[in-house]
Amino acid sequence: MSGDTGGAAGHQGPEGGAQDRTSRPFDVGLQPERTALAWRRTALALIVAAVFGIRVLPTLLGAWALIPAGAGIALAVGILIASHRRYDQQHERLTTTDSNRIALPDGALHALVAVAAVLGGLASAAVVASVNLR
Amino acid sequence: MSTTDRRFPKSVYRHGTEPDARFSLANERTFLAWIRTSLALLAGGVALETLGLGLHPGPRIAASVLLIVVGITTPVQAWVGWRRSERALRLNTPLPSANLALPLGIAVIVTGGLVLLGVILA
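Protein chains in written order, with our numbering: chain A, 1 to 134; chain B, 1 to 122.
These are computed hints drawn from the structure, not numbers from a lab.
Only a predicted model underlies this, so the values are computations on that prediction, with no experimental measurement involved.
Some hints here could point you the wrong way.
Partner residues are not named here, just some residues of chain B that face chain A (Cβ under 8 Å, in silico) [stated by the list, open to error]:
(1) R7
(2) F8
(3) Y13
(4) A21
(5) E28
(6) R29
(7) F31
(8) I35
(9) L42
(10) E49
(11) V65
(12) L66
(13) I68
(14) G71
(15) W79
(16) W82
For each residue, glycine too, the CB sits at the ideal point set by N, CA and C.
Make a model of the complete structure from these sequences and hints.
Next comes the structure, spelled out in structure tokens:
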């Protein structure tokens, strides 16, 4: 992993001063940034999946399909926004020395994303069942 | 940090000490890769049934059901694996292996076989 070589450099203090501190990456391997991009493409995949629901759920629910599909899109957009805030929080916590008051983000968003994926799976199962049981 | 750590889930954060953040970030990305795998499997399962590909219905339905069952299982692996890895990082113990990786891999191979069968029988 490329980040492993950059630990010492990454933990340097904020010599750049207060204005400069958040523009300096935490890690030369850009691990928080790569993680932020992974969150973003996952959230975008969830949004695509929820939009796809508008296309396939009507076979099951008719016009009512807009309700679960809309809720799915809202959830996926919420996850995208939350993942951006998550990166900001991580970056702030990791690049400033006096920031112990800010906790590193926890696993709550992971749980929400996993639940969203399972709900998408249950909706998929319902669509496949309705296609075959008609 | 250990005095009032309110972070979720407690089953992770009540143990051990804060690991190198880069390892936690790598663990996060692994979790997210499993989630995207799940979405791809589900998309495949729905596509088989809704795109009208002209496959033989028996193997097609079996492949679709298998993809969706695996697609629902994968987020569980993602969450359980993330939690166990994060706890191992905090306790400085060996990382767990992904228990469901082999069954999921076999299921994908079987799915491919079923789709092939569906093409041949069509």
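How the hints compare with the structure:
1. R7: holds, 3 Å
2. F8: holds, 5 Å
3. Y13: This hint holds: Y13/B lies near chain A, its Cβ roughly 7 Å from the closest one there, short of 8 Å.
4. A21: holds, 6 Å
5. E28: For E28/B, the interface hint holds, since the closest Cβ of chain A sits about 5 Å away, which is under 8 Å.
6. R29: holds, 5 Å
7. F31: With a minimum Cβ separation of about 6 Å from chain A (threshold 8 Å), the hint on F31/B holds.
8. I35: holds, 5 Å
9. L42: With Cβ-Cβ at 5 Å, under 8 Å, it holds.
10. E49: For E49/B, the interface hint holds, since the closest Cβ of chain A sits about 5 Å away, which is under 8 Å.
11. V65: Holds. Min distance 7 Å.
12. L66: Because about 11 Å separates L66/B from the closest Cβ in chain A, which is outside the 8 Å limit, the hint is violated.
13. I68: Result: holds, 5 Å to nearest chain A Cβ.
14. G71: Holds, about 5 Å.
15. W79: Holds - the Cβ of W79/B comes within 8 Å of chain A, reaching about 4 Å at its closest.
16. W82: holds, 6 Å
When held up to the earlier numbered hints, the structure conflicts with hint 12 and nothing else.
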